[in-house]
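There are 2 protein chains.
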Amino acid sequence: MAPPPTPPVVAPLVKLVVRVLTFICLLIGLIILTTNTASIFINFAEFKIRFQDVKAYRYMLATIVIGIAYTLMQTALTVYEATRGNRIGGQGFLLFDFYGDKFISLLLATGTGAGFGVTVDLKDQYGAITSGYDKFFDKGYAVSSMLLIAVLFSAVSSIFSSLSLPKRA
Amino acid sequence: MAPPPTPPVVAPLVKLVVRVLTFICLLIGLIILTTNTASIFINFAEFKIRFQDVKAYRYMLATIVIGIAYTLMQTALTVYEATRGNRIGGQGFLLFDFYGDKFISLLLATGTGAGFGVTVDLKDQYGAITSGYDKFFDKGYAVSSMLLIAVLFSAVSSIFSSLSLPKRA
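Listed in order, the protein sequences are those of chains L and V.
Position one of the first sequence corresponds to residue 1 (UniProt numbering), numbered consecutively onward.
Position one of the second sequence corresponds to residue 1 (UniProt numbering), numbered consecutively onward.
By construction, these hints were calculated from the structure, which means they are not laboratory data.
Check the hints yourself; a few may be wrong.
The list treats identical chains as interchangeable, and a pair is accepted whether it falls inside one copy or across any two copies.
[Claimed, not checked] Here are the simulated DSS-like pairs of lysine-lysine, each with C-alpha atoms no more than 30 Å apart in a straight line:
#, residue 1, residue 2
1, Lys-135, Lys-55
2, Lys-48, Lys-123
3, Lys-135, Lys-123
4, Lys-55, Lys-139
5, Lys-55, Lys-123
6, Lys-123, Lys-139
Pulled out of the complex, with its shape left as it was, chain L reads as follows (with noise of 0.2 Å):
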C-alpha cells in the first residue's frame, strides 16, 4: 500500500505571503530606480544624470527583474498548491525550488550590495562638488533598501525550502 501523502512542511498560505512580499519589495525598487533622474544647472548648461550613468545601477535593475520574474513564477505554483493542494511537478521540483531559492537570494544580496557599496561612494565624491545629486543618491539608497528587504524574504523562502526538502532515505 502507498504511504499516505505527507503534509507540507510550511502553510502553502505562508509561502505565498512570503512569495508576494518579495514581489512588492522587488516592484516598489524597479519603479524607484527606472524613473531616477536628477538634473543640475551651472551657467545655464543643465547636467543630467540617469540611473543608466551608474553601472552599478544597471546591474541592479538586473537582479531586480531577474528576481521579479522568479518571484512571479513561484508564486504562481504557490497559488496552484494553495487551491489545488499539490504542487505541480510533485516531489521533484522540491529540489528545484531549493537550489532556484539559494541562486535568486544570492544574486539579490550581491545586487543591494552593488546599490549600497557604489552609492555611498559616489554621494561623497559629487557631494564635495555639488548638492545637486543628493536626492539622486537617495533615492539609489531607497532602492538599494527595498532590495536588502526583498534579500531577506527570499532567504525566508530559501528557508523555507531548504526544510521542505524530501525525506534521505
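Given the coordinates of chain L, work out where chain V should sit on it, guided by the hints.
Same frame as chain L, but now just chain V:
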C-alpha cells in the same frame, strides 16, 4: 532500542575541503585588500589613495573578516568530525550550521556586490582624470573576484548543511 546512527549525507572530508577552499579565497582577498594603496604625483604633490578611503572597501573588509572567523570555526569543527566520526553538539548543531551557512553566504554575496559595484564606477570616474589609480582599482577587482569565489564555495557548504538537516518526523 535506539536506532543506529545514520551516516552523514556528505563525507566530512568533502565538507572540510570546501571549507578550506573558502578560507584560502578569503585570506588571499584579505591580503590583497589591506595592502592596496596607490599614489600619483601632480606638480611634485603626492596624492595617495588607500583602501580605507573607499567606504565600500571597508565594508568588504568587514565581510571578509567575519567570513574568515566563521570559516575557521567551521573548519575546526569539521576536522573534529572527520577524526572522531561525530559532530560536537550532535544533531542539534545541524540547525546552527544550516542558518550560519545561509547567513554567511548571503553576507559574503553583499560584500562581493559592493566591491564590484564601487570599483566599476569609481574606476570610470578616476580614469577620466588620471590613469594613476588604475592598478588600485584592478586590485579592487581582484579582491571582489576572490570574494565571489568564496561565495560559491560557501554556497556549496550551505547546500551541504541543508541536505544534512535532520529528517522531519
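Copy assignment of Lys-135 with Lys-55, given that the CA separation must stay at most 30 Å: both (18 Å within a copy, 20 Å between copies)
Homomeric proximity label, Lys-55 with Lys-123: Cα distance no greater than 30 Å: both (15 Å within a copy, 11 Å between copies)
Lys-123 and Lys-139: within-copy, between-copy, both or neither at 30 Å Cα: Both: 11 Å inside a chain and 22 Å across chains, each within 30 Å.
30 Å Cα threshold - placement of Lys-139 relative to Lys-55: The answer is both: 15 Å in one copy and 19 Å across copies each meet 30 Å.
Alpha-carbon proximity context of Lys-48 and Lys-123, limit 30 Å: both (15 Å within a copy, 20 Å between copies)
Within, between, both or neither: Lys-135, Lys-123 at alpha-carbon 30 Å: both (10 Å within a copy, 23 Å between copies)
In terms of the numbered hints stated before, the structure departs from none.
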